[in-house]
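Visitor: One letter stands for each residue in the lines below.
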Amino acid sequence: MGGTRTGRLILTVGAVVVVGVLTGLIYLAFAESVDAIAQPMTTWVPRSDNAELVHGVYRLIFILAGIVFAAIMVLTLVVSILYRERPGQLARQFHGNSRLEVIWTLIPVLIVVAISVPTFSAMAATSKPAPDDALKVIAIGHQWWWEFQYPEQGITTANELHLPVGRPVSITLTSKDVIHSFWVPQLSGKTDNVPGHDNHLWFTPTEARPEPYLGQCAEFCGLSHANMRFRVFVSTQGDFDAWTKATAAPRTAPTADLAKAGEQQFVASGCVGCHAVQGQAAAVGKIGPDLTHFASRTTLGSGIMDNNPDNLRRWLSDLDSVKPGTVMGEFLKGQPLSKDALDKLVAYLEGLK
Amino acid sequence: MATAIGAITHEKEGSGLWSWLTTVDHKRIGTVYAISGFLFFLLGGLEAVAVRTQLAVPNGTVLDAERYNQFFTMHALTMIFLAIMPMGAGFFNYFIPLQIGARDVAFPRLNALSLWVFLAGGFLLNSSFIIGGAPDGGWFGYAPLSGIQYAKTSGMTFYVVGLLTLGLSSLIASLNFAVTIINMRAPGMTMMRLPVFIWMTLVVVFLLILSLPVLTVGLLQLYFDRVWGTSFFSPSTGGDPILWQHLFWIFGHPEVYVLILPSMGIVSEVLPVMSRKPLFGYSAIVFAGAAIGFLGFGVWAHHMFTTGLGPVPQVVFSASTMAIGIPTGIKIFNWLGTMYGGSIRFVTATYFAVAFIALFTIGGISGVMHASPPVDTHHQDSYFVVAHLHYVLFGGAIMGIFAGIYYWFPKMTGRLLDETLGKISFWLIFIGMNLTFFPMHFLGLAGMPRRIYTYDADLGWDKWNMVATIGSYTIALGVLVFVINFLKTMRRPADAGNDPWGGATLEWSTSSPPPAHDFDVIPDVRDRDPLWYARDHNIAPAPVPEHLHIHMPPPSYYPLILGLGVLLLAIGAMSHLAVAALGVATAIFGVWGWALEPTD
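These protein sequence lines map, in sequence, to chains A and B.
Heads up: take any position in the first sequence, counting from 1, add 20, and you land on the working numbering.
Heads up: take any position in the second sequence, counting from 1, add 317, and you land on the working numbering.
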């Protein structure tokens, strides 16, 4: 094998086939990992103009990467097999080949140019400032939850962002404590929330849908970094307007007895020290998430559990094991809630629509 | 071959513990570096297996968040500073003098000092596990998370003091090796006749000499922030967390070239010998290595593409990062060119060297992908980067180190490692490595962030995480087979001979292991591949004179004392001024004795 011209040809074809099969398998695995239903955080499915631009560069670079991968694997396999020691096979003693060396210096240069041109043109497009009429949002990272403010709509909320389809949104990013990073892959690449800085990112969502786009903090920020998730709901302009109107309004006041008792409990248990509820005079705390419309959120704990009474009960009674390291967890360890207090609080909070 | 008649050394090299503690022999120092480095590699591997076990299933309960954060932080610190660098140092120490035709390094006692300070640093960093908890802020220690307000345990103070200590060790060793390589080459050993391994070492030591001071400044500032209430990095009092990132990465990026260049050097030694032909394009490989070292200082902010630098720095650093792929690509082609037309002996060392080519290429490709800032807005802080870094550091640096181990083991111990066990170990490690890290590209594509202790079941990340965990156990098995091979081989007689591979470079002209004085006669070098030149031109080795008047540096306990002083100072920096003062006093005593002791 490898001694004759035919032998070498068969070997090379064989190596190409092996690498081809390997590349094919890799492609299949890749295709599976970019299915947005099975992988809701996939980075390969752009749903905003900005994400589309990035996707174009990403796809090109991926294809180039695949070609270089296959080429080097074939070469490595072929020389390994072809030049394996055989009786009588003498090693050819040469020190180099200037022409070859020039060629294989130029090829990487060309590849680099091929990558850099679309990269820089995408960057030129994405670094344009947001249009003046963009929806303004401020996203403040906290350990370990997301504060979202809509200054023009007078809204402060947490962990769930609502956006209208087709309208540019300009997000100012900062942090109250350590560095976090805002990443909702299908809508945008990530940008960090750095304390003491205002970073910016903007995009125009292109697809409204009932399911949220999933996001997660992408800069290691301490014990519950894994638990700092968020959701972005993109809806029609009409639905968005309805949402802003409802969210800017104060809470739905409790009517049932248990919920009214819960309102008192909310003060008695000290919740008001950290949490604001528009419409409850005592609740003006700014340390934790705003809970005015808590019951309208689909998740609690910053995206880690579905928002329902059972989970809320678990959150309030076993917080430290659900989400380690939080200030609230420390607080509740010091003064755990009685069953009675829990019943009242759950009734109250689940009524805050 | 034992010492020839008439060799004069002041004391015969002993074999007891004290002789090892006071040794200034580069071979012994290299051996201790290599063994300690390997033991730390096993420790770092255990930390990795623990992390992977926690991530095997969603919502795992093997490691809680605090433990997990300590384990992934220590895994990285251990692998980088206590495993890869010291194993590299082991080879530098053992083989620099032998390959350049010298009998030891320029400053043998400084050599011993760097060893003791390394051991002190490794001990200190790991003692944190039982003293208040290991560092848990990531190996990159980003502020403000690493500040005292958020990292309230002493873990991150251990991080600062441990790294300062380890940095001191590396700096001392780097200066030593730089002087040795430049000044102590045998007659005829011009710079362009140096083995590529030596060239890569030279680039590495300059990278360290220039980058460690920057890290030192950052670490001292973090120390002052944590211990003395300054605010270099806390915005609430006028500092800036981004300052830390710049200082860290100006060191951190050259550091990754420190990690890979020695293995590139090793592969450049192994492939020509096993292919039985000279290295293809020696000059290009040397210049490419130097270019990588130089350019390596101009790419650091690619670690910061998502921090809000602005488009201009992003463009500049993206261009420089892509540019550095070019000299790297050249080397890959040169190694393939070395194999082309050869008569390749596929022993275990060869397998590891060839695997290096393939696996490092994969890591290089993914690296060039995130050199593009738009793509990096997805890759940064996701498992895609974890895949990249492990392909270059495991698939690259570690595979290269294993190649070096199998290649140079006979020279260091006089025994050849068993080939059957070697190949079994290779395949387990190779397959395990790909099973562990290739799926991480898919996990990154699927949006999985880094440094998370757990994940949800409905994100589609389960399958590849389980595969990666199985891969990690496979690697562990492969490493176990290697350990068994080592133990089994050491019980065999030392009968490998001077030159089992038909080597080209000077170390193969000595006995296995070499005598304490390395060379009976300092060689006269006429070619880049001196032993092949001598063989091809039928040049007999120079006759050994009847009386060798070789003066070797005597052993000394002052490096040990000074090392102890450094350790006490480091401990004192985290506890009491009195301990620090004792450390300084010990150090002064050590330096005083060192300066005044007779050196003949």
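Keep in mind the hints are simulated off the structure, nothing from the lab.
Please note that the accuracy of each hint is not assured.
Residues from chain B shown here face chain A by an in silico Cβ test under 7 Å; the list is partial [said to hold, decoys possible]: (1) THR624; (2) MET639; (3) VAL702; (4) THR771; (5) ALA774; (6) ASP812; (7) GLY814; (8) PRO817; (9) GLY819; (10) ALA857.
Capping the alpha-carbon separation at 27 Å, the derived lysine-lysine pairs in DSSO-like fashion look like this [what the hints assert, rightly or not]: (11) A:LYS306 <-> B:LYS805; (12) A:LYS353 <-> B:LYS469; (13) A:LYS353 <-> A:LYS280; (14) A:LYS156 <-> A:LYS196; (15) B:LYS469 <-> A:LYS196; (16) A:LYS306 <-> A:LYS265; (17) A:LYS359 <-> A:LYS265; (18) A:LYS156 <-> A:LYS359; (19) A:LYS359 <-> A:LYS280.
All C-beta atoms in this analysis are idealised placements derived from N, C-alpha and C, irrespective of residue type, glycine included.
Visitor: It remains to establish, for every hint, whether it holds in the given structure.
Guide: Going through the hints against the structure:
1. Proximity of B:THR624 to chain A holds as hinted, the smallest CB-CB distance being about 5 Å (cut-off 7 Å).
2. Below 7 Å, beta-carbon pairs count as interface contacts, and B:MET639 has one with chain A at about 4 Å; its hint therefore holds.
3. Hint status for B:VAL702: violated, given a least beta-carbon distance of 11 Å to chain A, over 7 Å.
4. About 5 Å separates the beta-carbon of B:THR771 from the nearest beta-carbon of chain A, less than 7 Å, and the hint is met.
5. Hint on B:ALA774 is violated. Least Cβ distance to chain A is approximately 12 Å, over the 7 Å limit.
6. For B:ASP812, the suggested interface contact is broken, since its CB lies about 23 Å from the closest CB of chain A, more than 7 Å.
7. A hinted interface residue such as B:GLY814 counts as satisfied when its beta carbon comes closer than 7 Å to some beta carbon of chain A; here the least separation is about 20 Å, so the hint is violated.
8. Given hint, B:PRO817 at the interface with chain A, is violated; its Cβ is 15 Å from that chain's nearest Cβ, farther than 7 Å.
9. Proximity of B:GLY819 to chain A is violated relative to the hint, the smallest CB-CB distance being about 11 Å (cut-off 7 Å).
10. The interface hint given for B:ALA857 is violated, since its Cβ lies 22 Å from the closest Cβ of chain A, which is over the 7 Å cut-off.
11. Annotation: proposed proximity of A:LYS306 to B:LYS805 is violated, straight-line Cα distance about 66 Å (limit 27 Å).
12. Proposed proximity of A:LYS353 and B:LYS469 is supported: the alpha carbons are some 19 Å apart, at most 27 Å.
13. About 25 Å separates the Cα atoms of A:LYS353 and A:LYS280, which keeps this hinted pair within 27 Å; it holds.
14. A hinted pair counts as satisfied when its Cα atoms are at most 27 Å apart, and A:LYS156 with A:LYS196 qualifies at roughly 19 Å.
15. For the suggested pair B:LYS469 and A:LYS196, the alpha carbons sit about 18 Å apart, so the restraint of at most 27 Å is met.
16. Restraint check for A:LYS306 and A:LYS265: satisfied, since their Cα atoms lie roughly 22 Å apart, inside the 27 Å limit.
17. Between A:LYS359 and A:LYS265 the CA atoms are separated by roughly 35 Å; this puts the pair beyond 27 Å, and the hint is violated.
18. Proposed proximity of A:LYS156 and A:LYS359 is contradicted: the alpha carbons are some 42 Å apart, above 27 Å.
19. With a CA separation close to 16 Å, the supplied pair A:LYS359 and A:LYS280 stays within the 27 Å bound.
Violated hints, in rising order: 3, 5, 6, 7, 8, 9, 10, 11, 17, 18; the structure is consistent with all others.
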